[in-house]
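Assembling the complex is the task here: the two chains are given apart, and the hints tell you how they should meet.
So the sequence lines, in the order shown, correspond to chains A and B. Read in this note's numbering, the first sequence has 94 at position 105, and its numbers run on one by one without any break. Read in this note's numbering, the second sequence has 637 at position 289, and its numbers run on one by one without any break.
Fair warning: there could be bad hints in the mix.
[What the hints assert, rightly or not] To spell it out: a stretch of chain B is covered by chain A in this simulated footprint if at least three of its residues, at any positions, have a beta carbon under 8 angstroms from a beta carbon of chain A; those stretches are: (1) 383 to 395; (2) 400 to 406; (3) 640 to 650.
[What the hints assert, rightly or not] Some chain A residues well away from chain B (every beta-carbon gap over 12 angstroms; in silico): (4) Asp8; (5) Glu21; (6) Asp24; (7) Arg25; (8) Asp33; (9) Tyr39; (10) Pro64; (11) Ser90; (12) Ala96; (13) Phe128; (14) Ile129; (15) Tyr140.
Worth flagging that the hints you see were computed from the coordinates, not collected in a lab. Just so you know, even glycine gets a beta-carbon here, dropped at the ideal spot from N, CA and C.
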Amino acid sequence: MKDLKIGILNILVEDSTIDRDTLAAMVGTDRETVDRIIQELEDDRIILKYTTVVDWEKINAESTVYARIDVQVQPQREVGFDDIARRICRFPEVKSMMLVSGKFDFAVMVEAPTMMGVSNFVSGKLATIDGVKSTWTNFILKKYKENEVMYGDEDIDNRQVVTL
Amino acid sequence: MTFEPGKYINDSIKAVQPSGIRKFFDLCAGSKDIISLGVGEPDFVSPWTIREACVYSLEKGYTMYTSNYGLPELRHEIVKYMDERFGVRYDETTDVIVTVGASEAIDMALRTVLSPGDEVLIPEPCYVSYQACTLMSHGVPVSVPTSEENEFRLTSEDIEKHITPRSKVLILSFPNNPTGAAMDYDELTALAEVAQKHDLIVISDEIYCELSYEKEPVSVAAIPGMKDRTIVVSGLSKAFAMTGWRIGYICCHKDFIEQMIKIHQYTILCAPIMGQKAAIEAFRNGRKEIDKMRAEYDHRRRYIVERMKNIGIDMVTPQGAFYVFPSIKKFGMTSDEFATRLLQEKNVAVVPGTAFGECGEGFIRCSYATSMKHIVEAFNRIEDFVNNLK
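Chain B with its partners taken away, still in its complex shape (with noise of 0.2 angstroms):
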């Protein structure tokens, strides 16, 4: 008898679509003189001083467990971090994860609300993993498309129309990956009322939150009534340019926490410590290579919304993060077919907007987390390109 190990795979796992970049990979490989858009993480190295802290802590041999928490040096800083940058408190001994990257803090959160059945509001298009997890938790992803017209902002509208009795949570995710759309104090005002009204936990992915161009970044659980339902994630990877160290956090509730720490404690124990150690530093003595991170990137956008104008693609300007969403409907191609014909024949690599959903369908991500030198020429190419098409 021939075993076949798809019978017993978990329904909920093979509901999981595969990420839609595996083709683009393929594509990829082998090819030289490709300049990448399709980057989602920093261009620049950690900053040495946090490094160095990393280089430390091990000769002086850090090697070991932390506490489920995480260290509470690092849970310290990052209460210390919440007050001073958005002025919500919380309390260090109780309400703070120290998780491996904000991906676990998502999971843990969403398994931690979700009983089978529960259906959770992602605004779209978005980053790939709240769906995934949504299912992986058994729970039912209710995907709420945002539009270019309101600029990929999400609105009390957009919620109330997919709101049912089984509505549990509610995803935030702005500064948006893949849109780079933000929302400020007001905006984020009338989302929290819809979530009172509803009794809707949010969960609010602030990753990008310091890489806000326009607006001064805001955590939710900033504002009046939200800190108990919010549960906020966030790392140390976009903003410090951290990400292969995996370190990130979740603040909330502590009735949230005394579960969650269940999931943490007995799948993943704790956060490297190493990683640990180096996020401490980068709390510590990191804000100033931050802003030079940012200033660089914002430099970018700017030449990117310049250039996007002049080569005649449509496109609204990006407010946080390091993406921009251009629509391509007007070439009357697919994203997948814009950006493969693009890959193709310019060896420039994008991302189709479909595989941030459904609704991203007409638009592509480009990622200015690259250098300018290539960013000019990319866009030199994607000119060219364009102008073939006309």
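So here's chain A without its partners, still in its complex pose (with noise of 0.2 angstroms):
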């Protein structure tokens, strides 16, 4: 069972929107039993969201800083990081963030609508925060590749018609 669901989620972390009779073909069983283990794997929180990846800039949609910020914190006593983590998660500007070894505790992905807005976060929202002792932001200046997708146009199969 453990290698089936494995099985499902590896084909849904590339393709979410596969159909799922496909689905249930392609790793060997029903499409009632791929129902019940999505339904099992959404209800325990292993799949949290599906989402989608887009490259923004070719719809020049309204622009979006993104920036990393490294956060230096006192870790508490008890609860360590996770306590000051989670206050630091819930800003809906965060987009994702990991503990990360180094010089810095954490890794805070950010977005703001203009470099004002980060910079505002950073400054009012983070930097405040009881044992936050510093923080060093790094702008992203271009994306390249994004939850194993690259940017920029499709790859062309090269490959002849017919081979034997």
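Next comes the structure, spelled out in structure tokens:
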């Protein structure tokens, strides 16, 4: 059952819009089993969300500024880093966040409409949280790859049409 | 006096038939919206770590010849792989040659062992080069048909029926192109007994071994008593998605290698060094990518088996490679007619089974080395096509 779950998850990670009948055939089971397993994975919060990787630059959408904020904090007794991490995570500007090794403790991925918006968030919200010792803001200049997808044109199949 | 090149052509080359798919190339040319299930190579690009290793080697100036046998580091990796994966031990200094793809290896193996008139037992349907290379080596190809009833696996009885005093070589190629048939240890052991009984050399084309889905891959050389009489032919094209690099290899007894190397050094000299450098990286760091690609092929295979069943096309469940070989006998057409009409009416390219030997009549080969999106659309079209035939 674990292999089946992992098989389903691997396919959904690649394409979460895949037709459930097709998915069932690909893992060698029936539609009902797939529906049940996906429901379980959702209930157990193993599947957290179905999302889409978008190259926003291509549709000239309103500009968004991305930044990675490196944050150094003072861990707290009994809860370590988790309590302060939860406080930071709840801000809508924070899109993802990780505890990292090295000079800083957290890598916090932030989005805002403008550079000023990022700046205001860091100086007004993030840096003023109790326990935050310092921040280091790195603006993202260009994205090349996200969620295993490379930005840019689709690969072209250059193979010959028929080969033996 | 008019010069006629044709009368100067070697008879054994004339006897070789051209590839049976020329017509399909012509039909496909200029057509748009064709979905091809006719491609015999992976749809994946070689993993980046492999490509990057090649680029790095060029930057470092590796543009020279290598030893005729191949780079020592690559031979070391090949021998290590054969030991760890299949439990067969070779000496990297005497038992291995790096070749220009498995194709060169097949040609070289046959040329080394065949004298005029020697017979080569070739289980069919099969990849097209065995018969051609036999003829070019002045040997006599003997077709050994396999059947749908036996799921295209070869049996001892199949071989025994075709043994003569001139039988010298048995070619084995499992997992098989075009049928997807695979054979397990016990089944191969039964064939090995026949090879030993009749003192046959086995040329085992194991190019698809890593793409085995339901059975652990077995090298024929791993069967007791078979290592010395087996010439293992393989390469990186299929498992590592490295077709264009043209890197293959031969592992066998040093007495064969001593003779083969003469052919290799006088005709090829060595496989390209950049491909050899890439192959070293593939063996060292490519295992995870192989597993990922195999999992993806397996998903596609399962989907196709289910679709074929629902559409009502009879098919043996393939167990290896990336092909399915369904029967189209019930539709009252030859393989060629079926494939031609499918291409003309639905823009789906497949290969008629007859391209792989006469016993391929009544079948078509569909490759699943293409994306799921294309596979789903291709089978929607095949379903329409078949429904219109009913």
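Which numbered hints does this structure break? Those not satisfied are hints 2, 4.
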